[in-house]
Amino acid sequence: MHEYTVNLHIHTPYSDGHGSHREIARAALHAGVDVVIVTDHNVWVNGLEDVYEEDDRRVLLLVGEEVHDRSRDPQKNHLLIFGAERELSHLAHDPQLLINGAREAGGLTFIAHPVDPPSDTFGEPDLSWVDWDVHGFTGIELWNGLSEFKSRLTSKAAAMYYALNFPAVAHGPFEATLQKWDDLLAQGRHVTAVGGSDAHALIEQMGPIKRVLFPYRAHFQAINTHIQTPEPLNGEMAHDKPLVLEALSAGRAFVGYDLPAPTRGFNFRAQGLNASVSMGGEVSAKNGVTLQIRLPQRAECRLLRDGDVVKTWEDHETPAYITSEPGVYRVEVYIHFRGKRRGWIFSNPIWVTK
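Residue 17 in this note's numbering sits at position 17 of the sequence shown, and the numbers go up by one each step.
Treat the hints as calculated values from the structure; they're not laboratory data.
A few of these clues could be false.
[To be verified] Pair by pair, the computed Cβ-Cβ distance ranges are: (1) His90 x Ala186: 33 to 43 Å; (2) Pro125 x Arg211: 16 to 26 Å; (3) Ala186 x Arg342: 18 to 28 Å; (4) Val43 x Thr290: 44 to 54 Å; (5) Asn274 x Pro167: 44 to 54 Å; (6) Thr154 x Arg211: 43 to 53 Å; (7) Met237 x Pro13: 38 to 48 Å; (8) Asn165 x Pro125: 19 to 29 Å; (9) Ala275 x Asn165: 39 to 49 Å.
[What the hints assert, rightly or not] Calculated pairs, DSSO-like style, for lysine-lysine (alpha carbon to alpha carbon, straight line, at most 30 Å): (10) Lys76 x Lys180; (11) Lys340 x Lys180; (12) Lys354 x Lys311; (13) Lys354 x Lys210; (14) Lys156 x Lys210; (15) Lys180 x Lys311; (16) Lys180 x Lys354; (17) Lys156 x Lys286; (18) Lys180 x Lys210; (19) Lys354 x Lys286; (20) Lys311 x Lys286; (21) Lys156 x Lys340.
Each residue gets a CB set at the ideal place from its N, CA and C atoms; glycine is no exception.
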């Protein structure tokens, strides 16, 4: 498998962001990201997908859409759509109809910031997803960078501190989001988890200070989604785009917080009697299964089955676990950064079946 770093959920002036597609691509090249997916609010911008190159670096820029019902107050139920190749915001009033429409168009759908707490200090509303009776969506945005920043805005002083200290913001996905994901997986649903920056490069005036609040490059060096593809990307849109979307659809991916230390090189596999599978795969428990984890460096690693921790390694690089218990297995890895324990890696699951 070949690993690539994807930063998704990005905004431009076509909605409420402040950088062009070209500026986003340039920031991605400098940050070492391989793929970026732009998702402006309620507008699918056609004709701007491209492959950008600079020196020996290359980045694939894809364009999707973030759709929500603008007639609703507050405007909850935001849905990220990739690969549909058409405008779908006219279906925003009915989340199930929207999901169905995207799927019929060949697109992937991810529930954006499923938990998004309000900031009463700044009058920012709760924009969490609420219509959980929907089905057929591809996955959820497990970790949203902007939602976490919003959760830190408990006072004007806190806002100033975090606005000037981007590395202090991220600690990990909200516990409520992790719980919701585990609940969905427990229902037998194959729900892919991704991490989104929700990057806007907003221009903020805070007293005498006027600055870009979290430039694109800063976001691209932080919360990313790492995918695994069966063959390498070659710089051709027609070849690379389907590989990226298929990996996201299949769940061959993990969420990595790359700011404390690079997460590239992580892997989670299962070796069964007759099959070896990676994240997103299924393997029979017959005669036992060996779950193999590879970390980029020694760290605290937790293995979960059906949402419960079954094993913790405090300082390990290549943990392994043998099981004959069916269940949904996933991995969480934590690292210390700037004096605090922070989420580092969150794998997609492997299904061990009877």
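Here's how the hints hold up against the structure:
| no. | hint | result |
| --- | --- | --- |
| 1 | His90 x Ala186: 33 to 43 Å | 34 Å, holds |
| 2 | Pro125 x Arg211: 16 to 26 Å | 25 Å, holds |
| 3 | Ala186 x Arg342: 18 to 28 Å | 26 Å, holds |
| 4 | Val43 x Thr290: 44 to 54 Å | 48 Å, holds |
| 5 | Asn274 x Pro167: 44 to 54 Å | 46 Å, holds |
| 6 | Thr154 x Arg211: 43 to 53 Å | 21 Å, violated |
| 7 | Met237 x Pro13: 38 to 48 Å | 23 Å, violated |
| 8 | Asn165 x Pro125: 19 to 29 Å | 25 Å, holds |
| 9 | Ala275 x Asn165: 39 to 49 Å | 46 Å, holds |
| 10 | Lys76 x Lys180 | 17 Å, holds |
| 11 | Lys340 x Lys180 | 25 Å, holds |
| 12 | Lys354 x Lys311 | 21 Å, holds |
| 13 | Lys354 x Lys210 | 58 Å, violated |
| 14 | Lys156 x Lys210 | 15 Å, holds |
| 15 | Lys180 x Lys311 | 21 Å, holds |
| 16 | Lys180 x Lys354 | 24 Å, holds |
| 17 | Lys156 x Lys286 | 57 Å, violated |
| 18 | Lys180 x Lys210 | 38 Å, violated |
| 19 | Lys354 x Lys286 | 7 Å, holds |
| 20 | Lys311 x Lys286 | 21 Å, holds |
| 21 | Lys156 x Lys340 | 23 Å, holds |
The structure fails to meet hints 6, 7, 13, 17 and 18 from the earlier list, while all remaining hints are met.
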